[in-house]
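Peer 1: Protein chains in written order, with full-length UniProt numbering: chain G, 1 to 123; chain W, 1 to 123; chain F, 1 to 123; chain C, 1 to 123.
Derived from the structure by calculation, the hints contain no laboratory data.
Wrong hints could be hidden among the right ones.
Unchecked claim - In silico DSS-like cross-links for lysine-lysine, where the CA-CA straight-line distance does not exceed 25 Å:
| # | chain 1 | residue 1 | chain 2 | residue 2 |
| --- | --- | --- | --- | --- |
| 1 | C | K71 | W | K71 |
| 2 | G | K71 | G | K82 |
| 3 | G | K71 | F | K82 |
| 4 | F | K71 | G | K71 |
| 5 | W | K71 | W | K82 |
| 6 | W | K82 | C | K71 |
| 7 | G | K82 | F | K82 |
| 8 | F | K82 | F | K71 |
| 9 | C | K82 | W | K71 |
| 10 | C | K82 | C | K71 |
There are 4 protein chains.
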Amino acid sequence: MSDTITVRGYVATDVRSTTAESGLAIAGFRICTNERRYDREAGTWFDGQTNWYAVSCFRQLATNAGVSIHKGDRVIVTGRLKVRQWVSDEGRSGTSVDIDADSVGHDLMWGTANYRRNLQDRL
Amino acid sequence: MSDTITVRGYVATDVRSTTAESGLAIAGFRICTNERRYDREAGTWFDGQTNWYAVSCFRQLATNAGVSIHKGDRVIVTGRLKVRQWVSDEGRSGTSVDIDADSVGHDLMWGTANYRRNLQDRL
Amino acid sequence: MSDTITVRGYVATDVRSTTAESGLAIAGFRICTNERRYDREAGTWFDGQTNWYAVSCFRQLATNAGVSIHKGDRVIVTGRLKVRQWVSDEGRSGTSVDIDADSVGHDLMWGTANYRRNLQDRL
Amino acid sequence: MSDTITVRGYVATDVRSTTAESGLAIAGFRICTNERRYDREAGTWFDGQTNWYAVSCFRQLATNAGVSIHKGDRVIVTGRLKVRQWVSDEGRSGTSVDIDADSVGHDLMWGTANYRRNLQDRL
Numbered sequence: 001m002s003d004t005i006t007v008r009g010y011v012a013t014d015v016r017s018t019t020a021e022s023g024l025a026i027a028g029f030r031i032c033t034n035e036r037r038y039d040r041e042a043g044t045w046f047d048g049q050t051n052w053y054a055v056s057c058f059r060q061l062a063t064n065a066g067v068s069i070h071k072g073d074r075v076i077v078t079g080r081l082k083v084r085q086w087v088s089d090e091g092r093s094g095t096s097v098d099i100d101a102d103s104v105g106h107d108l109m110w111g112t113a114n115y116r117r118n119l120q121d122r123l
Numbered sequence: 001m002s003d004t005i006t007v008r009g010y011v012a013t014d015v016r017s018t019t020a021e022s023g024l025a026i027a028g029f030r031i032c033t034n035e036r037r038y039d040r041e042a043g044t045w046f047d048g049q050t051n052w053y054a055v056s057c058f059r060q061l062a063t064n065a066g067v068s069i070h071k072g073d074r075v076i077v078t079g080r081l082k083v084r085q086w087v088s089d090e091g092r093s094g095t096s097v098d099i100d101a102d103s104v105g106h107d108l109m110w111g112t113a114n115y116r117r118n119l120q121d122r123l
Numbered sequence: 001m002s003d004t005i006t007v008r009g010y011v012a013t014d015v016r017s018t019t020a021e022s023g024l025a026i027a028g029f030r031i032c033t034n035e036r037r038y039d040r041e042a043g044t045w046f047d048g049q050t051n052w053y054a055v056s057c058f059r060q061l062a063t064n065a066g067v068s069i070h071k072g073d074r075v076i077v078t079g080r081l082k083v084r085q086w087v088s089d090e091g092r093s094g095t096s097v098d099i100d101a102d103s104v105g106h107d108l109m110w111g112t113a114n115y116r117r118n119l120q121d122r123l
Numbered sequence: 001m002s003d004t005i006t007v008r009g010y011v012a013t014d015v016r017s018t019t020a021e022s023g024l025a026i027a028g029f030r031i032c033t034n035e036r037r038y039d040r041e042a043g044t045w046f047d048g049q050t051n052w053y054a055v056s057c058f059r060q061l062a063t064n065a066g067v068s069i070h071k072g073d074r075v076i077v078t079g080r081l082k083v084r085q086w087v088s089d090e091g092r093s094g095t096s097v098d099i100d101a102d103s104v105g106h107d108l109m110w111g112t113a114n115y116r117r118n119l120q121d122r123l
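Next up, chain G with everything else stripped away, as it sits in the complex:
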């Protein structure tokens, strides 16, 4: 019951990397996904729903995402969906739709990549 989801989207922000006081590496960025739907009568594709997500990466994934992912990239994200209510110090409130990423990869439908495995995974 952990609401896992896989989405393919467009990185809309730079990656923001931080380190928690505990030492945990964290990286975050926002993506949007565009549903493409087929209109049978017109025989053409059109844009449907656009969803926005805040993606969070932790530990080694955060470190690797921080140096690999850039605004404008297309990515695959698989992880756990978290719908969060937030209230700001100024009293504003809202809903954030987050994905705590299990993993992230560049979407090879739209580009090529040179991949280099981390040293500790090659031993």
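Assemble chains W, F and C onto chain G, guided by the hints.
Peer 2: Chains W, F and C only, in chain G's frame:
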């Protein structure tokens, strides 16, 4: 009812690229996935089930995968599962578990990547 | 790129059935899902994240859900996630996390069911 | 990396219920799923790939499935995919594509259901 699945696995073969008579670009490779399970009594992780899949990529994804993916890479694959029965010319038969990929990306949990979007996607 | 998700949750409202002017049957209800996490140090399970979703059903699924699903039931929902921004007539705004259901079923982990196939499916 | 999948299919066998020596309740049945594809040129739907799965249920889910699911029902199954190689006593071998179910529910796209929650879940 299209049996979609997302798996994270290890590329166990070189990528085999071909072009169908229709001109369709096709790339194929095999991956294995290892389930990691936690033994609560022992307090340790251990290897569970290993699954093998034949991954097929088509069109631009095939072209990009052909130059980007190599044996030993770790990848995320999302697509449609197809369980196929086969019979060889010599009369042998078996079952192949295939994924027709919607997309593939390198798994950034295990390494870094330089990504270059295709020109036609940047226009 | 249609952001499909499968969740298991608890039906928190009655089902609201309507018919659009076009004649389309629609049924809607809200569910919440509770993540259960394991605390390795304490050796116990605890409640993690709670997500809320508005589920929409259409056509035959709407008709069947309307007579089958009740507040308090546990269900499996599979469909497409849609994150919607709304503004009310009074100027309030918010975010709604919806699932347009491909299908819904009672969760047999938590109860039993007598199922009766629709007549047109039995012909 | 646990290869989770959700499928919607047709129950092709009776449910076989057993109890392991450890006391664990187990229920198993086979399902097939039919991909429906749209032929844009002809403007019609046609049957694509058919997949077969062996579904395994455990504990309370096995008990509930045993009294709720019957041959001919349409169900939603969500769980972990396991591709298993088997060899019989007579030396034959093959591949079985199994789903260890996290949960199962009747597919309300195709019928209606009376659901009764287990007593222990209502306390």
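Peer 1: Taking only the CA atoms, is the gap from K82/F to K71/F under or equal to 25 Å?
Peer 2: 23 Å, holds
Peer 1: Would the hint linking K82/C and K71/C be met if the CA-CA limit is 25 Å?
Peer 2: Answer holds: K82/C to K71/C is near 23 Å, not above 25 Å.
Peer 1: Next pair to validate is K71/W with K82/W; report whether the Cα-Cα distance is within 25 Å.
Peer 2: Cα-Cα ~23 Å, so holds.
Peer 1: Going straight from one Cα to the other, do K82/C and K71/W come out at no more than 25 Å?
Peer 2: 23 Å, holds
Peer 1: Does K71/C sit within 25 Å of K82/W, going by the straight-line distance between their CA atoms?
Peer 2: Distance of about 23 Å is within 25 Å: holds.
Peer 1: For K71/G and K82/G, compute the direct alpha-carbon distance and say whether it is at most 25 Å.
Peer 2: Satisfied, since the Cα-Cα distance of roughly 23 Å is no more than 25 Å.
Peer 1: Please work out if K71/G and K82/F have their alpha carbons no farther apart than 25 Å.
Peer 2: Distance ~23 Å between K71/G and K82/F Cα, so the pair holds.
Peer 1: Given the hint that K82/G pairs with K82/F, test it: the Cα-Cα distance must not exceed 25 Å.
Peer 2: OK: K82/G and K82/F at ~14 Å, within 25 Å.
Peer 1: Check the hint pairing K71/C with K71/W against an upper bound of 25 Å on the C-alpha distance.
Peer 2: 44 Å, violated
Peer 1: Quickly compare the C-alpha distance for K71/F and K71/G to 25 Å and report which way the hint goes.
Peer 2: 44 Å, violated
Hint check: violations occur at hints 1 and 4; the rest are consistent with the structure.
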